[in-house]
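The chain contents come next:
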Amino acid sequence: MRESKILLFGFSRSAIEIGARLQAQGLAFTCIDSDASLLPKAKKLGFELLITDYSDDDTLLSLGIGEDVRFVFTLFDEDVQNVFLTLSIRALDSKVQIVSTTHTKDAIHKLEIAGASTILDPYQICGKRIYKLITQPEIMQVIDATIFGEEDINMEQITITAHSALNGLLLNECYPTEKYNMLLIGLHDKELKKEFIFITEGHNHKLDHGDILVVIGKSAEIERFKMDFSL
Amino acid sequence: MGYFTSFFVRLAYFIEASSRYHRVKEFCRTLLEYQHSRLKFYFDIFMVVLVVISVLFLLYEVKHPDGHPYLDAFVQFSLIVFIIEYLLRFWIYSDSHKLFLERYDYAINNNLPFSLGHTLWAILKKKVEYIISPLAIIDLLAILPSYRPLRFLRIFLLFRIFKLFRYARSMKTFTAIITEKKFELFTLAIFASFVIFTGSSAIYIFETHQNPKINTLFDAVYWAIVTMGTVGYGDIVPVTTEGMVVAMILIILGVATLAFLTSIIVSSFQNKLIELKESRLFSEVDKLENYIVICGYGRVGEVVAKMLHEDGYKLVIIDNDDEKIKLAQQRGLIGIVADASKSRILGELGVGKRASQIICATNSDELNVFITLTARSLSKQIIIIARVIKNTHKRKYFLAGANYAFSADETIGLMGAQYITQPISYTALDEMLTENTGVIFDMLPIHEHAYFVGQPLEALELKEKRLMLFGILRKEATPSFQFNPSPNFILQMHDILIIMGRKHHINVLRKQNDKGVMR
Numbered sequence: 001m002r003e004s005k006i007l008l009f010g011f012s013r014s015a016i017e018i019g020a021r022l023q024a025q026g027l028a029f030t031c032i033d034s035d036a037s038l039l040p041k042a043k044k045l046g047f048e049l050l051i052t053d054y055s056d057d058d059t060l061l062s063l064g065i066g067e068d069v070r071f072v073f074t075l076f077d078e079d080v081q082n083v084f085l086t087l088s089i090r091a092l093d094s095k096v097q098i099v100s101t102t103h104t105k106d107a108i109h110k111l112e113i114a115g116a117s118t119i120l121d122p123y124q125i126c127g128k129r130i131y132k133l134i135t136q137p138e139i140m141q142v143i144d145a146t147i148f149g150e151e152d153i154n155m156e157q158i159t160i161t162a163h164s165a166l167n168g169l170l171l172n173e174c175y176p177t178e179k180y181n182m183l184l185i186g187l188h189d190k191e192l193k194k195e196f197i198f199i200t201e202g203h204n205h206k207l208d209h210g211d212i213l214v215v216i217g218k219s220a221e222i223e224r225f226k227m228d229f230s231l
Numbered sequence: 232m233g234y235f236t237s238f239f240v241r242l243a244y245f246i247e248a249s250s251r252y253h254r255v256k257e258f259c260r261t262l263l264e265y266q267h268s269r270l271k272f273y274f275d276i277f278m279v280v281l282v283v284i285s286v287l288f289l290l291y292e293v294k295h296p297d298g299h300p301y302l303d304a305f306v307q308f309s310l311i312v313f314i315i316e317y318l319l320r321f322w323i324y325s326d327s328h329k330l331f332l333e334r335y336d337y338a339i340n341n342n343l344p345f346s347l348g349h350t351l352w353a354i355l356k357k358k359v360e361y362i363i364s365p366l367a368i369i370d371l372l373a374i375l376p377s378y379r380p381l382r383f384l385r386i387f388l389l390f391r392i393f394k395l396f397r398y399a400r401s402m403k404t405f406t407a408i409i410t411e412k413k414f415e416l417f418t419l420a421i422f423a424s425f426v427i428f429t430g431s432s433a434i435y436i437f438e439t440h441q442n443p444k445i446n447t448l449f450d451a452v453y454w455a456i457v458t459m460g461t462v463g464y465g466d467i468v469p470v471t472t473e474g475m476v477v478a479m480i481l482i483i484l485g486v487a488t489l490a491f492l493t494s495i496i497v498s499s500f501q502n503k504l505i506e507l508k509e510s511r512l513f514s515e516v517d518k519l520e521n522y523i524v525i526c527g528y529g530r531v532g533e534v535v536a537k538m539l540h541e542d543g544y545k546l547v548i549i550d551n552d553d554e555k556i557k558l559a560q561q562r563g564l565i566g567i568v569a570d571a572s573k574s575r576i577l578g579e580l581g582v583g584k585r586a587s588q589i590i591c592a593t594n595s596d597e598l599n600v601f602i603t604l605t606a607r608s609l610s611k612q613i614i615i616i617a618r619v620i621k622n623t624h625k626r627k628y629f630l631a632g633a634n635y636a637f638s639a640d641e642t643i644g645l646m647g648a649q650y651i652t653q654p655i656s657y658t659a660l661d662e663m664l665t666e667n668t669g670v671i672f673d674m675l676p677i678h679e680h681a682y683f684v685g686q687p688l689e690a691l692e693l694k695e696k697r698l699m700l701f702g703i704l705r706k707e708a709t710p711s712f713q714f715n716p717s718p719n720f721i722l723q724m725h726d727i728l729i730i731m732g733r734k735h736h737i738n739v740l741r742k743q744n745d746k747g748v749m750r
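Those sequence lines, one after another, are chains A and B. Numbering-wise (the numbering used here), the first sequence opens with residue 1 and increments by one. Numbering-wise (the numbering used here), the second sequence opens with residue 232 and increments by one.
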């Protein structure tokens with residue numbers, strides 16, 4: 001159990017979805033819930049489900065919080081549990097990445113205070129999507145088909161390594177879409193505080209190693225790009 | 232078949248076949264009967280004005296028995312209108328020829344003897360049904376006294392005021408209340424008449440000889456009612472002790488009866504008021520065109536409604552929780568408390584007619600699928616967007632006829648997994664989807680007269696404009712979406728560019744596109 005670096009608290013529908021994706025990517029994870037009746041369901045899906053009392057700090061510590069757990073998801077259907085768990089985990093470990101889901105608007109702020117690294121709001125996401133479908137159905141179809149979907153167009157992040165040819169270049173000089181069938185969406189400059197800068201903001205960055213590019217394109221094209229620039 | 236029978240059969244078939252007959256009758260129905268028709272609305276206003284003026288004239292005549300030439304002409308005119316209206320209503324109340332043909336066909340098909348007498352009797356019965364309906368009687372009484380020999384019925388001209396019942400919907404509600412509470416009111420009326428009867432006989436027995444004011448039984452009844460109604464004019468007062476006791480009892484019972492009556496009417500009025508409000512909402516919906524129906528005002532519905540409302544879309548929200556609907560109404564939205572699973576409700580809301588889209592955003596898959604199915608059965612064109620709760624049910628939504636169906640959990644799954652492996656690309660995705668940073672996805676349709684028709688992509692100078700082309704949508708081509716096309720891609724009419732960038736940068740491009748054909 002100790003070597004598992006990803007913990008999913010709350011065996012909800014979201015947990016099943018996330019679990020399925022992680023499974024597909026070959027990542028090991030552990031689900032945790034207090035309801036033993038969920039065991040057969042987890043077994044059927046091939047998930048590892050631990051039945052334990054997560055409200056106890058000792059239990060959390062024994063699960064590896066503060067040691068080797070890097071990612072924690074709080075996915076309960078009840079906001080009260082999510083907020084409490086986020087707070088307990090944050091108190092034990094200030095570095096762990098906590099991803100929380102929420103079900104009410106008020107809880108977003110509470111989760112932020114409690115120390116969640118990022119908050120997924122299914123209702124906001126769903127609402128936004130319906131809104132997009134009505135106002136700009138074409139765009140949503142395209143996004144659905146490409147980024148979320150069936151077509152082989154993915155979004156990927158590429159970290160610039162020290163020995164890459166890109167290291168030290170200006171962004172304008174390496175605009176990769178001209179030779180590769182992919183789009184550079186933006187980048188994360190580790191010297192800047194802001195997490196993500198869209199390419200359309202027009203800043204001409206100098207790329208350093210450790211900077212991260214986010215691209216969209218066919219996986220094969222992205223692979224080719226990576227190979228060419230020894231990333 | 233007798234001569235008369237064959238004549239009637241031919242006449243009925245002739246009417247049935249005449250399109251003009253149907254048109255005219257339909258027009259009259261729109262004018263007089265159909266609740267939501269514009270025509271009826273104007274007609275009603277016209278009639279109300281006519282009624283009010285003719286009653287005012289009646290009052291004028293009290294002091295000026297000679298009349299006034301202009302007003303006389305007006306009275307004649309209004310009388311003619313009333314008569315025509317009465318006859319038209321009489322005509323459209325039932326379709327006699329249909330009734331006739333129904334019976335005739337039934338007899339022929341089942342080899343039964345056809346009785347002309349019975350059939351005509353049935354038709355007549357139907358028409359008599361109209362004549363004796365309360366509103367028709369009022370109409371008739373409003374007309375008859377104008378006939379000279381029936382001048383003594385003048386007071387019935389006041390019945391014209393009652394005609395207003397026909398034209399004002401709120402008046403109808405009042406009648407509806409009285410009919411609804413028939414039983415309670417009837418019981419109360421019996422009780423009241425019993426009390427009045429006892430009281431008046433008592434006072435009559437006790438005081439006829441002692442009290443000079445009470446000479447007849449009518450005096451006694453008048454006194455009893457005045458006392459019981461807590462009016463007590465004081466023109467007749469009991470003079471004996473027995474009479475006073477009767478008066479006291481009558482007063483107490485009278486107050487009780489009135490209280491009863493008030494509570495019956497008020498309580499039923501309150502119930503009716505909700506219905507009245509609802510019907511007002513429905514008529515508000517009737518006026519809308521091209522609106523979006525949102526089923527379920529939970530968190531998803533709320534988020535969607537808020538954003539669409541800000542963009543000026545017309546929305547109609549239904550939810551069976553009146554707390555939520557109250558909230559929606561406070562935010563200036565049209566909200567109706569209703570069970571969306573009832574197809575009648577969706578039909579009344581114009582799904583299948585004027586609604587262009589329907590969003591199923593309740594928190595139950597069963598309900599969402601059911602609404603999807605209902606909406607699809609009502610209309611082939613309507614765009615149905617459904618929120619899937621449990622991802623395994625997604626297929627069912629498409630089977631039920633949804634255009635789009637998706638679950639939030641699926642997106643969460645994708646984003647959650649991405650967060651672990653690629654946190655930066657997760658941030659990018661999050662910002663692209665939420666558009667919090669001001670960078671948005673937008674589309675730019677290349678219309679027929681657009682500046683960019685026939686131009687290669689290079690000419691758009693997207694990079695200089697700080698825009699990024701995600702791809703191009705060309706409906707006829709397969710695949711319709713071309714991701715990241717090359718710079719020498721030639722734009723055609725009806726292409727749609729999917730662009731990413733800041734709003735004002737996109738607007739610069741849009742303006743250039745709209746400038747018109749290149750020289």
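Some hints could be false.
[As the list claims (entries may be wrong)] Covered stretches of chain A, going by a simulated chain B footprint (3 or more residues, C-beta under 8 Å): (1) 30-36; (2) 81-87; (3) 91-104; (4) 113-122; (5) 199-205.
[Said to hold, decoys possible] Among chain A residues calculated to face chain B with C-beta under 10 Å, some are: (6) I6; (7) S12; (8) I130; (9) E138; (10) T146; (11) A165; (12) G168; (13) L169; (14) G186; (15) I212; (16) V215; (17) A220; (18) D228; (19) F229.
[What the hints assert, rightly or not] Result set (DSS-like, lysine-lysine): computed pairs, CA atoms no more than 25 Å apart in a straight line: (20) B/K358 / A/K128; (21) A/K110 / B/K537; (22) A/K206 / B/K696; (23) B/K358 / B/K329; (24) A/K105 / B/K621; (25) B/K518 / B/K537.
Read the hints as simulated data drawn from the structure, not as lab findings. No residue lacks a Cβ here, since even glycine has one placed at the ideal position from N, Cα and C.
Comparing the hints with the structure gives:
1. Look at the region 30-36 of chain A against chain B: 0 of its residues bring a Cβ nearer than 8 Å to a Cβ of that chain, fewer than three, so the hint is violated.
2. Only when three residues or more bring their CB closer than 8 Å to a CB of chain B does the claim for the region 81-87 of chain A stand; here the count is 0, and the claim is violated.
3. Counting residues of the region 91-104 of chain A whose CB lies closer than 8 Å to any CB of chain B gives 5, so the stated coverage by that chain holds, three being the minimum.
4. Coverage of the region 113-122 of chain A by chain B holds in this model, with 3 residues showing a Cβ closer than 8 Å to a Cβ of that chain against a need of three.
5. Note: the region 199-205 of chain A has 4 residues with beta-carbon separation from chain B under 8 Å; the three-residue rule is met and the coverage holds.
6. Interface restraint check for A/I6: the shortest CB-CB distance to chain B comes to about 6 Å, inside 10 Å, so the restraint holds.
7. At about 8 Å, the closest approach between the beta carbon of A/S12 and any beta carbon in chain B falls short of 10 Å, and the interface hint on this residue holds.
8. A distance limit of 10 Å between C-beta atoms decides the matter here; for A/I130 the minimum to chain B is near 5 Å, and the interface restraint holds.
9. The beta carbon of A/E138 is positioned within 10 Å of a beta carbon in chain B (closest approach about 5 Å), and the interface hint is therefore held.
10. Given hint, A/T146 at the interface with chain B, holds; its Cβ is 7 Å from that chain's nearest Cβ, closer than 10 Å.
11. The beta carbon of A/A165 is not positioned within 10 Å of any beta carbon in chain B (closest approach about 21 Å), and the interface hint is therefore violated.
12. Taking 10 Å as the C-beta contact cut-off toward chain B, the hint placing A/G168 at the interface is violated, the least distance being around 20 Å.
13. Evaluation of the A/L169 hint against chain B yields a violated restraint, the C-beta minimum of about 17 Å exceeding 10 Å.
14. Among the interface hints, the one on A/G186 holds; its C-beta lies about 6 Å from the nearest C-beta in chain B, closer than the 10 Å criterion.
15. At about 5 Å, the closest approach between the beta carbon of A/I212 and any beta carbon in chain B falls short of 10 Å, and the interface hint on this residue holds.
16. A hinted interface residue such as A/V215 counts as satisfied when its beta carbon comes closer than 10 Å to some beta carbon of chain B; here the least separation is about 8 Å, so the hint holds.
17. With 10 Å as the threshold, the beta carbon of A/A220 stays out of range of chain B, its nearest partner Cβ sitting at about 13 Å, so the hint is violated.
18. Proximity of A/D228 to chain B is violated relative to the hint, the smallest CB-CB distance being about 17 Å (cut-off 10 Å).
19. Given the 10 Å rule on beta carbons, the hint for A/F229 is violated: about 17 Å separates it from the nearest Cβ of chain B.
20. Under the criterion of a C-alpha separation no larger than 25 Å, the hint pairing B/K358 with A/K128 is inconsistent with the structure, at around 59 Å.
21. At roughly 23 Å between alpha-carbon atoms, A/K110 and B/K537 fall within 25 Å of each other, so this suggested pair holds.
22. For the hint pairing A/K206 with B/K696, the CA-to-CA distance comes to about 21 Å; that is within 25 Å, so the pair holds.
23. With a C-alpha separation of about 14 Å, the suggested pair B/K358 and B/K329 falls inside the 25 Å cut-off, and the hint holds.
24. For the suggested pair A/K105 and B/K621, the alpha carbons sit about 21 Å apart, so the restraint of at most 25 Å is met.
25. Straight-line distance between C-alpha atoms of B/K518 and B/K537 comes to about 21 Å, which keeps the hinted pair within the 25 Å bound.
This entry does not satisfy hints 1, 2, 11, 12, 13, 17, 18, 19 and 20, going by the numbered hints stated previously.
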